[in-house]
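S.K.: Sequence:
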Amino acid sequence: MNSRRFFLKQSALLAASFAITPSLAGIPIKKKPVGLQLWTVKDIIEKDLSNVISKIAQIGYKEVETFGYSKKNGFWGLDAKAFAELLKKNGLKSSSGHFDLDSYLQGKKTDQLQDYINAANILRSEYITIPSLPYSLTKTADGYKKVAEKLNEAALTCKSAGLKLAYHNHDSEFKKLGETTGYEILLNETDKKLVDFELDLYWANRAGQDIIKIFKDHPGRFKLWHVKDMDKINQDLNAEVGTGSIDFKSIFAAAKLAGVKHYIVEHESNYKPDILGSVQSSFNYIENQLL
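If you count the sequence shown from 1, position 34 lands on 35 in this note's numbering, and the numbers rise without skipping.
If you are wondering where the hints come from, they were derived from the structure by calculation, not from laboratory data.
Check each hint, because a few of them may be wrong.
Claimed, not checked - Dumping the calculated SDA-like pairs for lysine to any residue here, alpha-carbon to alpha-carbon at most 20 Å:
(1) Lys217 - Ala255
(2) Lys33 - Lys214
(3) Lys147 - Ala83
(4) Lys147 - Lys90
(5) Lys214 - Glu150
(6) Lys217 - Leu238
(7) Lys90 - Gln59
(8) Lys262 - Gln236
(9) Lys72 - Gln59
(10) Lys43 - Val53
(11) Lys90 - Arg125
(12) Lys147 - Arg125
(13) Lys147 - Lys214
(14) Lys140 - Lys94
(15) Lys214 - Gly163
(16) Lys33 - Gln107
(17) Lys43 - Lys33
(18) Lys140 - Arg125
(19) Lys224 - Ser246
(20) Lys48 - Ser270
(21) Lys193 - Asp232
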């Protein structure tokens, strides 16, 4: 009798554990979708937009990150509504877009941000992401502090429109400015409730940064990553994710600490065997080895 009670008790506990942890009951935990920064396919997208978008979806990508939008030319000749329809037709979302806000950050063309907000909302995006800064604002610590003020201001405008603001780095932000760096200034001077960061893993690695330490010092701020590998021989060149010199497994192990929600592949040079082959290779490695 006692053994039967013990069995029933243990069975109940096991069932409860399955309810708490679905993966134990054979239900896989949902993976974060993998996206592609369309700059990766910049050399072919304008020539054959519909076909390139279709092939990106067929590979398995669920999201794309745009670049190069203008009110006059839209996205590669399509206005925001038509481009949104193309993405929807292929089962894709645009969670983020890179929008050139140089003029806005320098106090000019204040209507520029609103144009981008309008386009992003038509795409039902989550983020407006600033891809780089004008050189004139990055020479001094004070310049970065002024940028931080403008980022906070822009983030409030985005929030009022139902969007979020993120900042994407290269390597120049990690150059020393006295006892600090431009990147540290941006992290410390922006409102962490308003401004998120898209950490480009290639550029941070190339600048000699300890990426895990960055996550530890500023947990939860890196909602987007650019997943881009570095050639083992020539660091000026990219490599398909998983074939280069960056230790992605240790970085992905710290995903929760970083707060990442969007993994976005980007590749800028040295495609092997070709552009779409590179896009496929990077996707396969992330899906099969990192997630």
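S.K.: Decide, hint by hint, whether the structure agrees.
M.R.: Going through the hints against the structure:
For the hint linking Lys217 to Ala255, the alpha-carbon distance of about 9 Å falls within 20 Å, and the restraint holds. Only pairs whose Cα atoms come within 20 Å are accepted, and Lys33 paired with Lys214 is rejected, the gap being roughly 23 Å. The suggested pairing of Lys147 with Ala83 is violated, with an alpha-carbon distance near 37 Å, which exceeds 20 Å. Under the criterion of a C-alpha separation no larger than 20 Å, the hint pairing Lys147 with Lys90 is inconsistent with the structure, at around 42 Å.
Pair hint Lys214 plus Glu150 does not hold up; C-alpha atoms about 25 Å apart against a cutoff of 20 Å. With a C-alpha separation of about 28 Å, the suggested pair Lys217 and Leu238 falls outside the 20 Å cut-off, and the hint is violated. Distance restraint check for Lys90 and Gln59: the Cα-Cα separation of roughly 12 Å lies within the 20 Å cut-off, and the hinted pair is therefore satisfied. For the hint linking Lys262 to Gln236, the alpha-carbon distance of about 27 Å lies beyond 20 Å, and the restraint is violated.
The straight-line distance between the Cα atoms of Lys72 and Gln59 is roughly 29 Å, outside the 20 Å bound, and the hint therefore fails. A threshold of 20 Å between alpha carbons decides the hint, and for Lys43 with Val53 the separation of about 10 Å falls inside it, so the pair holds. At roughly 14 Å between alpha-carbon atoms, Lys90 and Arg125 fall within 20 Å of each other, so this suggested pair holds. Taking the CA atoms of Lys147 and Arg125, the gap is about 30 Å. The hint is violated against a cut of 20 Å.
For a cut-off of 20 Å, the pair hint linking Lys147 to Lys214 is broken: about 26 Å separates their Cα positions. For the proposed pair Lys140 and Lys94, the alpha carbon gap of about 36 Å is over 20 Å, so the pair is violated. Under the criterion of a C-alpha separation no larger than 20 Å, the hint pairing Lys214 with Gly163 is inconsistent with the structure, at around 31 Å. Of the supplied pair hints, the one linking Lys33 and Gln107 is violated, its CA atoms being roughly 36 Å apart against a limit of 20 Å.
For the hint pairing Lys43 with Lys33, the CA-to-CA distance comes to about 25 Å; that exceeds 20 Å, so the pair is violated. Proposed proximity of Lys140 and Arg125 is contradicted: the alpha carbons are some 35 Å apart, above 20 Å. A C-alpha spacing of about 23 Å is found between Lys224 and Ser246, which places the hinted pair above 20 Å, so the restraint is violated. Under the criterion of a C-alpha separation no larger than 20 Å, the hint pairing Lys48 with Ser270 is consistent with the structure, at around 19 Å.
Pair hint Lys193 plus Asp232 does not hold up; C-alpha atoms about 33 Å apart against a cutoff of 20 Å.
The earlier numbered hints that this structure contradicts are 2, 3, 4, 5, 6, 8, 9, 12, 13, 14, 15, 16, 17, 18, 19 and 21.
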